[in-house]
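2 protein chains.
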Amino acid sequence: MSDYEEDTVGLVETQYITFEEGVQLTSGFILKPITIAYETYGELNKDKSNAILVEPTLTADAHVAGINKEGQVGWWDMLIGPNKAIDTYQYFVICTNVLGGCKGTTGPSSINPKTKKPYGLDFPVITIEDMVKVQKMLIDYLGIRKLYAVIGGSMGGMQALQWLVDYPEYVRKAIIIATSARSSPMCIAFNQVGRVAIMSDPNWNGGDYYDKEPPRAGLALARMIGHITYLSDSSMREKFGRKLQGKESYGYDFNIEFQVESYLQYKGAHFVKRFDANSYLYLTRAVDYFDLTNNGKRSLAEAFKNVKSKVLVIGITSDWLYPTYQQKEIVLALSANNVDVTYQELESDYGHDAFLVEKGQMNYIVKNFLSKNKVRDIMMKGIKVLKPEDNIEKAAQIMLNESVTHLPVVDDDNQLIGIVTSWDLCKAITGHYSKIEEIMTRNVITVNLEDDIHVAANKMKKYDFSALPVLDNNNKLVGMINVEAITTVLGKSYFP
Amino acid sequence: MSDYEEDTVGLVETQYITFEEGVQLTSGFILKPITIAYETYGELNKDKSNAILVEPTLTADAHVAGINKEGQVGWWDMLIGPNKAIDTYQYFVICTNVLGGCKGTTGPSSINPKTKKPYGLDFPVITIEDMVKVQKMLIDYLGIRKLYAVIGGSMGGMQALQWLVDYPEYVRKAIIIATSARSSPMCIAFNQVGRVAIMSDPNWNGGDYYDKEPPRAGLALARMIGHITYLSDSSMREKFGRKLQGKESYGYDFNIEFQVESYLQYKGAHFVKRFDANSYLYLTRAVDYFDLTNNGKRSLAEAFKNVKSKVLVIGITSDWLYPTYQQKEIVLALSANNVDVTYQELESDYGHDAFLVEKGQMNYIVKNFLSKNKVRDIMMKGIKVLKPEDNIEKAAQIMLNESVTHLPVVDDDNQLIGIVTSWDLCKAITGHYSKIEEIMTRNVITVNLEDDIHVAANKMKKYDFSALPVLDNNNKLVGMINVEAITTVLGKSYFP
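Chains as they are written, first to last, in the working numbering: chain A, 1 to 496; chain B, 497 to 992.
Misleading hints may appear alongside valid ones.
Taking lysine-lysine and the DSS-like style, the derived pairs with C-alpha atoms no more than 27 Å apart in a straight line are [said to hold, decoys possible]: (1) Lys267/A x Lys239/A; (2) Lys243/A x Lys116/A; (3) Lys387/A x Lys328/A; (4) Lys542/B x Lys890/B; (5) Lys117/A x Lys273/A; (6) Lys931/B x Lys877/B; (7) Lys239/A x Lys824/B; (8) Lys328/A x Lys955/B; (9) Lys173/A x Lys387/A; (10) Lys739/B x Lys247/A; (11) Lys297/A x Lys880/B; (12) Lys212/A x Lys273/A; (13) Lys877/B x Lys793/B; (14) Lys136/A x Lys32/A; (15) Lys328/A x Lys739/B; (16) Lys880/B x Lys890/B; (17) Lys801/B x Lys243/A; (18) Lys239/A x Lys793/B; (19) Lys793/B x Lys824/B; (20) Lys793/B x Lys243/A; (21) Lys136/A x Lys48/A; (22) Lys305/A x Lys739/B; (23) Lys824/B x Lys880/B; (24) Lys877/B x Lys890/B; (25) Lys739/B x Lys297/A; (26) Lys743/B x Lys297/A; (27) Lys243/A x Lys212/A; (28) Lys243/A x Lys931/B.
Think of the hints as simulated: they come from the structure by calculation, not from any bench.
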């Protein structure tokens with residue numbers, strides 16, 4: 001196999017699911033039906049515990065990795081694929097086009113069932129909360145009860161934060177990149193000038209242009225403005241300097257003189273081919289509204305009070321659109337809730353865009369965070385247990401119902417006193433035992449919930465066990481850890 | 497007198513001068529006639545050595561201080577007036593509307609003599625060099641052979657730098673604020689999107705709109721974009737935060753929601769009342785072109801090789817449009833030429849705009865630089881001298897021609913051996929002497945060119961002399977310093 005084939009998820013296709021019942025939006029509006037465009041890569045494991053939801057940026061679609069039949073490479077392919085940080089050998093990766101977008105998920109260019117014509121400005125104003133609510137419908141539809149991780153940068157980071165706040169039980173880990181817990185006035189200002197550019201274009205026509213010439217000039221200008229904010233002074237100097245475009249000396253006119261002008265003009269012209277102007281309005285507005293403090297009605301620490309996930313927050317040294325103090329504010333508020341949160345900084349001159357560009361650093365940081373696990377991060381909680389006085393019929397019944405082969409035995413104080421395996425049950429039948437205490441193994445190999453998962457993996461290898469009981473610091477039983485969970489994070493090669 | 501009256505230059509009026517011969521521009525185009533709109537405050541002293549040229553920013557007019565008859569306060573009034581940093585008791589202050597502007601100086605809205613209609617896009621593309629060339633015509637017209645200082649921020653700083661490079665003999669001191677020796681690609685990019693905004697407005701009509709509806713929407717948008725770049729993330733948070741505009745909760749629509757939106761919209765709408773869209777195109781283009789290295793054809797140090805002025809360079813900590821490394825680059829290149837250059841930083845959260853806002857710091861820094869003088873900074877050079885063997889007729893003739901009352905007497909090695917005053921000539925006439933050596937005072941009070949001017953002033957006071965010879969470190973005569981020059985920098989109150 002070539003390198004190329006080794007690290008790509010290959011040919012991919014966008015899928016669609018329609019929810020006729022729709023959804024009630026933050027604004028109160030009930031939007032229905034709702035179609036969600038999404039892509040998935042890798043395989044969902046049996047207990048559906050290895051799903052990673054990748055959150056799209058402002059103008060990104062569901063096509064985040066691999067190559068589609070039009071030959072387009074996914075927008076974050078550098079991070080997602082076999083053996084990459086988001087390893088499709090281990091994880092089941094999901095990415096959606098956001099609500100309000102124009103790439104298959106319901107948005108202003110979708111058909112309004114009432115008029116049979118595109119919504120245009122009749123589309124309701126949406127929020128980041130609404131986007132996440134719709135993603136949650138997809139996650140439920142896929143039968144996933146807990147995402148292994150949610151990851152996103154910029155507007156994607158906002159969606160990831162919203163998941164933590166709205167569905168804290170659904171997220172094991174979160175990676176929040178180059179974003180803010182509330183849009184700054186500078187962000188709002190740049191979003192506003194982009195919208196004014198679109199709405200000032202006569203072709204915009206109050207949002208009603210789908211059967212006419214669209215507002216290309218306005219949308220291109222909005223994109224040019226946005227693009228400057230994604231770069232940095234130093235990356236622009238590095239990339240363009242003051243180099244002239246196809247000429248040796250100034251033309252002294254208003255045509256393109258500098259390479260930087262040519263680049264932005266190209267970016268603008270290219271963008272209008274793939275994006276809908278009304279979607280740009282709705283999505284930037286959603287970003288404006290985003291504020292986890294509800295505009296100061298609660299503290300950020302209060303907003304995060306139910307967060308249980310393990311969180312990695314990433315800032316970019318040269319990002320002036322979402323400066324690093326904004327990511328540090330998130331870290332502080334999470335820490336105030338005793339959330340297990342880490343902050344890392346991408347050392348980069350690329351500005352806000354760095355998280356889409358810095359392949360090496362991003363892969364290193366993300367891979368490390370996703371794979372570096374304590375037993376507590378991946379153990380099964382709420383497991384069934386036996387008491388010593390239970391009979392073996394009960395044990396057999398539980399094993400059958402729960403599809404497990406190991407059952408811990410605890411006393412009334414939840415202290416572990418033994419373990420029963422399906423093999424022990426065979427022993428009981430041949431030896432005519434009836435009580436658990438007669439057949440259980442008393443010298444049990446255990447792990448502590450704060451142990452690194454490698455400790456658990458090595459014990460399992462050494463003793464050839466497929467599951468181990470997990471104890472807390474008071475030696476009380478708190479869960480079980482099994483081979484499948486470890487394989488999910490350490491890779492299939494770990495247990496050959 | 498009230499405080500108000502004490503520190504304003506009062507009612508002012510813009511003046512106009514037309515040069516029929518016009519000027520040849522950098523592009524080769526000969527533009528004629530040229531009218532310059534300008535204002536002056538304070539009085540030009542007898543030897544015309546106290547003139548300070550204030551350089552306008554991108555959209556500033558000639559009305560920089562005082563109040564005009566429309567009641568408008570000058571755009572840098574905080575810095576200019578009686579007892580302010582640019583003290584109109586001491587200095588004669590000049591400010592012009594730039595070439596290409598729309599406030600009285602010839603620009604694209606001026607009448608093209610060939611067509612008898614406004615130039616529009618037939619106006620030639622101009623450069624910072626051209627702006628300064630035209631200012632030089634005004635300075636010559638006013639009979640000023642050396643400006644005491646040139647001062648400017650942003651595009652004004654570019655003009656001040658251009659003065660140093662093109663007319664090094666004409667500038668005694670320069671203050672260069674929040675600017676660059678070459679426009680960065682980020683500046684060019686923001687200028688470009690502003691121009692695209694204007695040129696995308698159908699009302700722009702190829703620049704031909706003076707008898708029609710002007711491109712208000714496009715110009716307003718350009719201004720909104722520009723305005724964001726003049727602020728900083730932190731000043732916007734301080735000023736607006738996420739405060740809503742006249743409402744308690746989100747309206748979930750595309751009307752104004754946030755105060756920052758309202759502010760920018762107001763700034764845009766206000767701007768179109770006072771500014772011409774075509775001027776915006778021409779002036780931003782001139783900024784794009786600005787590069788003292790001629791796009792890398794020479795080093796910045798080479799560009800500054802003839803600079804003789806004393807220079808103060810000011811950077812602003814929160815300026816991300818012209819980050820401080822750009823000012824430090826200027827300092828480095830000047831230092832390489834042994835120019836007497838100082839760097840100071842404005843500690844401010846206000847971003848690029850800080851030099852127009854930070855009244856206290858700006859007054860302190862500028863006043864200090866303008867008034868802190870060595871004898872060498874204000875002495876007269878190239879003075880006439882006598883030899884001991886000269887006769888008194890020659891001395892009388894020189895005094896008459898040069899309007900001086902003191903003439904140093906030097907030997908063949910330019911060592912000072914005496915001084916002759918007009919009073920000595922009276923002595924010669926009454927005593928029937930004919931040779932200089934018979935009447936000169938041999939015990940001369942002198943100052944060193946490195947002395948602080950206070951040293952010179954105090955000696956003059958002590959001995960009641962109105963002028964003193966200036967010696968270099970080898971005791972050779974290098975110039976004269978007089979009461980008038982000292983009064984210019986220390987104020988009239990110094991010699992009551």
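Consistency of the hints with the structure:
no.	hint	in the structure
1	Lys267/A x Lys239/A	holds, 15 Å
2	Lys243/A x Lys116/A	violated, 50 Å
3	Lys387/A x Lys328/A	violated, 48 Å
4	Lys542/B x Lys890/B	holds, 25 Å
5	Lys117/A x Lys273/A	holds, 21 Å
6	Lys931/B x Lys877/B	holds, 25 Å
7	Lys239/A x Lys824/B	holds, 22 Å
8	Lys328/A x Lys955/B	violated, 61 Å
9	Lys173/A x Lys387/A	violated, 34 Å
10	Lys739/B x Lys247/A	violated, 48 Å
11	Lys297/A x Lys880/B	violated, 78 Å
12	Lys212/A x Lys273/A	holds, 15 Å
13	Lys877/B x Lys793/B	violated, 35 Å
14	Lys136/A x Lys32/A	holds, 16 Å
15	Lys328/A x Lys739/B	holds, 22 Å
16	Lys880/B x Lys890/B	holds, 11 Å
17	Lys801/B x Lys243/A	holds, 25 Å
18	Lys239/A x Lys793/B	holds, 19 Å
19	Lys793/B x Lys824/B	holds, 21 Å
20	Lys793/B x Lys243/A	holds, 12 Å
21	Lys136/A x Lys48/A	holds, 15 Å
22	Lys305/A x Lys739/B	holds, 25 Å
23	Lys824/B x Lys880/B	violated, 40 Å
24	Lys877/B x Lys890/B	holds, 20 Å
25	Lys739/B x Lys297/A	holds, 12 Å
26	Lys743/B x Lys297/A	holds, 15 Å
27	Lys243/A x Lys212/A	violated, 38 Å
28	Lys243/A x Lys931/B	violated, 68 Å
In this structure, the earlier hints numbered 2, 3, 8, 9, 10, 11, 13, 23, 27, 28 are contradicted, and the remaining ones agree with it.
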